[in-house]
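Residue numbers (the numbering used here), protein chains in the order written: chain A, 1 to 178; chain B, 1 to 88.
If you're looking for bench data, these hints aren't it; they were derived computationally from the structure.
Since the structure is predicted, the reported quantities are computational estimates derived from the model, not experimental observations.
Here a beta-carbon is modelled for each residue, glycine too, at the ideal position from N, C-alpha and C.
Among the hints, a few may not be true.
Said to hold, decoys possible - List of simulated lysine-lysine pairs, DSSO-like, C-alpha gap at most 30 Å: (1) B:30 / A:138; (2) B:82 / A:133; (3) A:133 / A:82; (4) B:40 / B:30; (5) A:157 / A:110; (6) A:157 / A:133; (7) A:63 / B:57; (8) A:110 / A:63; (9) A:79 / B:24; (10) B:30 / B:45; (11) A:157 / B:82; (12) B:30 / A:79; (13) A:31 / A:110; (14) A:63 / A:161; (15) A:82 / A:110; (16) B:40 / A:137; (17) B:57 / A:74; (18) B:30 / A:133; (19) A:167 / B:24; (20) B:82 / A:161; (21) A:167 / B:40; (22) A:133 / B:24; (23) B:24 / A:63; (24) A:82 / B:57.
Said to hold, decoys possible - Listing some non-contacts, in silico: residues in chain B with all C-beta distances to chain A over 10 Å: (25) 4; (26) 12; (27) 62.
Stated by the list, open to error - Residues from chain A shown here face chain B by an in silico Cβ test under 8 Å; the list is partial: (28) 11; (29) 32; (30) 59; (31) 61; (32) 127; (33) 131; (34) 163.
In case you want the letters, here they are:
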Amino acid sequence: MPVNNTPTETEQLIMRLYQSAFPAVARYVSKMGGSFDDARDVFQDALVVYYEKAAAGTLELQKSEQAYLLGVAKYLWFKKFKDGKYDTSIDEFEGLDLPDEAEPQPMADKLMHYLETAGQRCMQLLSAFYYDKLPMKKIAVLFGYAGERSVTVQKYKCLEKVRETIKQNALQYEDFID
Amino acid sequence: MRTLLTEIQAIDQHVQGSAAPGDKLLFDAKLLLDAELPQKVQWHKQTLALVNQYGRKNLRGVISDVHNQLFTQPEHQSFRQKILRLFS
């Protein structure tokens, strides 16, 4: 079940999933002795797993999306119970094939902040393509380009721009990732 | 497209594994011959890592907004009560 949504559609999807699937997750976490905040944390992580798998087209629903979200949340809760603390990275989720490049790089915060402000439009366009995996046609409409060709050119220009920014920050960046 | 953009396109297809077989061979050869190319591939991977990090951060923002709507707005009162009752 692919997602490939615009931001508005994503919000609608999240709202629908929250209303349909959160009650069962909250009931489970409550039964296991967890708090409201615990339920919120595991459910929100489960939503990220759901979304990324759906966007990548690798989501396989055995039953319903509610059952899937409950299954992921139970797994995340189990990890919490086992470890005694909730710091499980969702990248560890079994069966979640996140590409290597999605590994968190927490030390790159400074660079991220710069890109969010100075290069926001490029980051939005690139994440629509690589993270949300929207089709080019949809990206063209969303960002006001004449057609797929213009978006493709813009995408490569943006990649170049972000890459140059990373390069310029290279010395600091190497400090970050050490 | 400018040469530079064509190169970025080739690097992107290499990293995504989406290059056609002929292009793949050509790129593999260039990787051996062009001393700077492997470094450019690394930059590209870092670029995509940041883009994905940015995308996930935005998604978490949307999720958090929805949560706040459900747990503050009057029209979601019955949903809210149903959940909060579980933890009282």
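Right, here's what the structure says about each hint:
no., hint, in the structure
1, B:30 / A:138, "violated, 34 Å"
2, B:82 / A:133, "violated, 35 Å"
3, A:133 / A:82, "violated, 35 Å"
4, B:40 / B:30, "holds, 12 Å"
5, A:157 / A:110, "holds, 22 Å"
6, A:157 / A:133, "holds, 18 Å"
7, A:63 / B:57, "holds, 29 Å"
8, A:110 / A:63, "violated, 42 Å"
9, A:79 / B:24, "violated, 41 Å"
10, B:30 / B:45, "holds, 18 Å"
11, A:157 / B:82, "violated, 49 Å"
12, B:30 / A:79, "violated, 45 Å"
13, A:31 / A:110, "violated, 41 Å"
14, A:63 / A:161, "violated, 43 Å"
15, A:82 / A:110, "violated, 34 Å"
16, B:40 / A:137, "holds, 29 Å"
17, B:57 / A:74, "holds, 23 Å"
18, B:30 / A:133, "holds, 29 Å"
19, A:167 / B:24, "holds, 25 Å"
20, B:82 / A:161, "violated, 49 Å"
21, A:167 / B:40, "holds, 10 Å"
22, A:133 / B:24, "holds, 23 Å"
23, B:24 / A:63, "violated, 40 Å"
24, A:82 / B:57, "holds, 27 Å"
25, 4, "violated, 6 Å"
26, 12, "violated, 7 Å"
27, 62, "violated, 5 Å"
28, 11, "holds, 5 Å"
29, 32, "violated, 11 Å"
30, 59, "violated, 15 Å"
31, 61, "violated, 19 Å"
32, 127, "holds, 4 Å"
33, 131, "holds, 3 Å"
34, 163, "holds, 5 Å"
The structure shown violates the earlier hints numbered 1, 2, 3, 8, 9, 11, 12, 13, 14, 15, 20, 23, 25, 26, 27, 29, 30 and 31.
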